[in-house]
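Novice: Each chain is listed here by its residues.
Number of protein chains: 2
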Amino acid sequence: MYKLTKIEGGVCAAEGFYADGVSAGLKSGAAKDMAFVYSDTLCEIAATFTTNKMTAAPIRHFKAKGEFQTNFVLINSKNANAMTGKAGIKDIDEILATLPQNVKNPVMSSTGVIGVRLPKEKIIAGAKLFDLSKQNSATAAEAIMTTDTFSKQIAYEIELADGGVFHIGAMAKGAGMINPAMATMLCFITTDANVSKEAMQKILNKNVETTFNAASVDGDTSTNDTVMLLSNAKSGTYNEEAFTVALHNIMLFLAREMVRDGEGATKLVTYEVSGAKDNKDAQIVAKALTNSLLVKTALYGEDPNWGRIASTVGASGALSYEDTLTISFENVCVYKKGKLYFDAEMEKKASEIMKMDSFTIYCDLGIADGYFTAFGCDLGYEYVKINADYRT
Amino acid sequence: MYKLTKIEGGVCAAEGFYADGVSAGLKSGAAKDMAFVYSDTLCEIAATFTTNKMTAAPIRHFKAKGEFQTNFVLINSKNANAMTGKAGIKDIDEILATLPQNVKNPVMSSTGVIGVRLPKEKIIAGAKLFDLSKQNSATAAEAIMTTDTFSKQIAYEIELADGGVFHIGAMAKGAGMINPAMATMLCFITTDANVSKEAMQKILNKNVETTFNAASVDGDTSTNDTVMLLSNAKSGTYNEEAFTVALHNIMLFLAREMVRDGEGATKLVTYEVSGAKDNKDAQIVAKALTNSLLVKTALYGEDPNWGRIASTVGASGALSYEDTLTISFENVCVYKKGKLYFDAEMEKKASEIMKMDSFTIYCDLGIADGYFTAFGCDLGYEYVKINADYRT
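Residue numbers (this note's numbering), protein chains in the order written: chain E, 1 to 392; chain A, 1001 to 1392.
Isolated chain E (complex conformation) (with noise of 0.2 Å):
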């Protein structure tokens, strides 16, 4: 038996956790854009990664560092530090060379523009501008950003049965992009929990995989996709359940708010497929859906096109038929099963529900048991500009 609670505070709500953004003059004016997440004790550190197979600099520097702990993790926006060869690793080793001693083991996570060296100088002298003791997790969350709209962050507090509480805290940024090739998904999670790094590292893989991995903006992997979760043990207590549950909560919520975020995205549209032969394969139509170009821009003109989505369906690679196909917009039915079940009623009630900017899609192959949900965005002519804008 526990309790959950949405508290504020972002990744400096567990425990002994500090965060701070500074402006280091890497994005023009005074734009913040270097944080730090800082621990006063020392961290396990549990982390899952892009699978592209470019990985960006940082990432190969953390991997490099095979099992350690840590009490501090460096993020700049402006610069993914990918494509930039073993030369972009020495580059982070000199940059955390510089740090105060206290800093223990400190790892590096960048964003931003693919195939330029970090501007090593600035960011050397941004990093001696935080303040250990800062608990500014709000502006933390606003250094870390590229081109989101809005910072995301959200943590939980959880209370078990004896009366023991412990902490989970994130921040995020990802879905936004105006410079070409700017890298994506950056989340740090924090945690007072007494949690070993194998129980992380185990519930860490489990979530991402319908959260984050079943969040898609356009379809592209980038090189920098980083999830890391740090634990300090501070609170002395722990709740398997409990520690699942928030922090699926809490990294759904962030996968959402990054669609919801998604470049010239008007819709967060979730797509919950059930029915299918397996969750592998309604996890392989759920995301065809999210990444289709014809069921993208059919979104964005709000048009209850549901030929389009039976068609992705068919050529997802998923077993499916036409026969035991259902397909709604809510509550509303558009394919039944064989039967071609779209009136003129029908097409204004789903049309209507087209019109909100969140809702949710449903397709049932009417298989077997198979259940997966994915979110993805509409495309439309804001995605286009942001995206072929001319500019190096």
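Hints in this document: simulated from the structure, not taken from any laboratory. Keep in mind that a hint or two might mislead.
[Stated by the list, open to error] The calculated DSBU-like cross-link candidates involving lysine-lysine, where the alpha carbons are at most 30 Å apart (straight line), are: (1) A/Lys1027 with E/Lys339; (2) A/Lys1339 with E/Lys65; (3) A/Lys1027 with A/Lys1063.
[Stated by the list, open to error] A short list of chain A residues far from chain E (calculated; beta carbon distances all over 12 Å): (4) Lys1003; (5) Leu1004; (6) Ser1023; (7) Gly1029; (8) Thr1098; (9) Val1103; (10) Asp1131; (11) Asp1162; (12) Gly1163; (13) Thr1244; (14) Glu1272; (15) Met1356; (16) Thr1373.
All C-beta atoms, glycine included, are put in the ideal place defined by N, C-alpha and C.
Add chain A to chain E, keeping to what the hints say.
Specialist: Same frame as chain E, now just chain A:
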């Protein structure tokens, strides 16, 4: 030894083939919307169809016939007869039953809106307008169009060393879409070569991989994609190598034309991937590049964004390394095996290349000998306009 010569005549170039297009009132005004291909002697027929599991009724009707010879293909546009269930197949039987006596085992092909029953009476009436003595290949090529902006046909005469002569001709439509959910690619190929059904099917299957299946406008595989190849053996002669080369030229030409005509497309881009672990990996990379939203929008913006290309290669699932990858826009190398190669001069040269409406991007993965070439186009405002346009 053989000689290939491009000739006029499209699907009527081969001896004994006839074709025409008529207006049945499916499209607005007097636009042609129904076509036929007829041979005055029975044909062997080989075909490849979409891998989409929601195969349209005409494809199910064809497959249900098992082994057969035919002398007639009926084609209509505006309606794909897809997601129409058993009734859709029944409609085909009723329509085909009204054709003249000399038509044997006719098959049907449709393209257009998904999820609406065929306008049977109009189609039956339209078929009565067919004059089987006509050889109007251009009109037939026009009648099968949906939102193509130009018709697509091509033919070759093949002269063998021993003086024997045969012909292969073809027409196709595809990659243009106005109405939501309009089905995409149809191709009809005729030949008087004295080739067996088995040989034709084998050569067709092999050539589809590097031509139609290497072309992508928006990555969506329709419910109706079809290639039909009919041979009536009237030339009495055949040569496997010559036939294969001519067929490849024809299919490659039509595949490229389809992409060039892709909705809203302003650029036809050829992605030549080499140095992959194997051909399968090269194909994975090439297709990923044609389908990446970020690469496509960069093409539209004429932005030499090699970072997105590298990221797409890395995300594709194929084996790839930063240190062995080389990327070039035509003869301008923008990234070479781990070295950041891109300066202001490079950028200027690469931008100039991207202003052309057709060019090649080379990706050498530098691992082994895997090779594949794919064709894609850019993604601009027009694509969104065409596909988001509310139309039911």
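Novice: Run the C-beta distances from A/Thr1098 to all of chain E and say if the shortest one exceeds 12 Å.
Specialist: 24 Å, holds
Novice: Non-interface claim for A/Ser1023: all C-beta distances to chain E beyond 12 Å?
Specialist: 25 Å, holds
Novice: So A/Gly1029 supposedly isn't at the interface. Is its beta-carbon more than 12 Å from every beta-carbon in chain E?
Specialist: The claim stands: A/Gly1029 keeps its Cβ more than 12 Å from every Cβ of chain E (closest is about 24 Å).
Novice: When you check the alpha-carbon spacing of A/Lys1027 and A/Lys1063, does it fall within 30 Å?
Specialist: 28 Å, holds
Novice: Quick one: work out the minimum CB distance from A/Asp1131 to chain E and report holds if it exceeds 12 Å, violated otherwise.
Specialist: 34 Å, holds
Novice: Non-interface claim for A/Thr1244: all C-beta distances to chain E beyond 12 Å?
Specialist: About 29 Å separates A/Thr1244 from the closest Cβ of chain E, which puts it past 12 Å; holds.
Novice: Is A/Thr1373 truly not at the interface, in the sense that its beta carbon sits beyond 12 Å from all beta carbons of chain E?
Specialist: Consistent with the label, A/Thr1373 stays out of reach of chain E, its closest Cβ about 21 Å off (over 12 Å).
Novice: If I take the minimum Cβ distance from A/Gly1163 to any residue of chain E, is it greater than 12 Å?
Specialist: The claim holds: A/Gly1163 sits with its nearest Cβ about 47 Å from chain E, beyond 12 Å.
Novice: Once the closest CB in chain E is found, is it more than 12 Å from A/Asp1162?
Specialist: The claim holds: A/Asp1162 sits with its nearest Cβ about 46 Å from chain E, beyond 12 Å.
Novice: Taking 12 Å as the cut and beta carbons as the points, is A/Leu1004 off the interface with chain E?
Specialist: 35 Å, holds
Novice: The output says A/Glu1272 does not contact chain E. Does that hold with a beta carbon cutoff of 12 Å?
Specialist: 19 Å, holds
Novice: Take the C-alpha atoms of A/Lys1027 and E/Lys339, compute the straight-line distance between them, and say whether it is at most 30 Å.
Specialist: With a Cα-Cα distance of about 25 Å, the restraint between A/Lys1027 and E/Lys339 holds, given a limit of 30 Å.
Every hint from the earlier list agrees with this structure, and none is contradicted.
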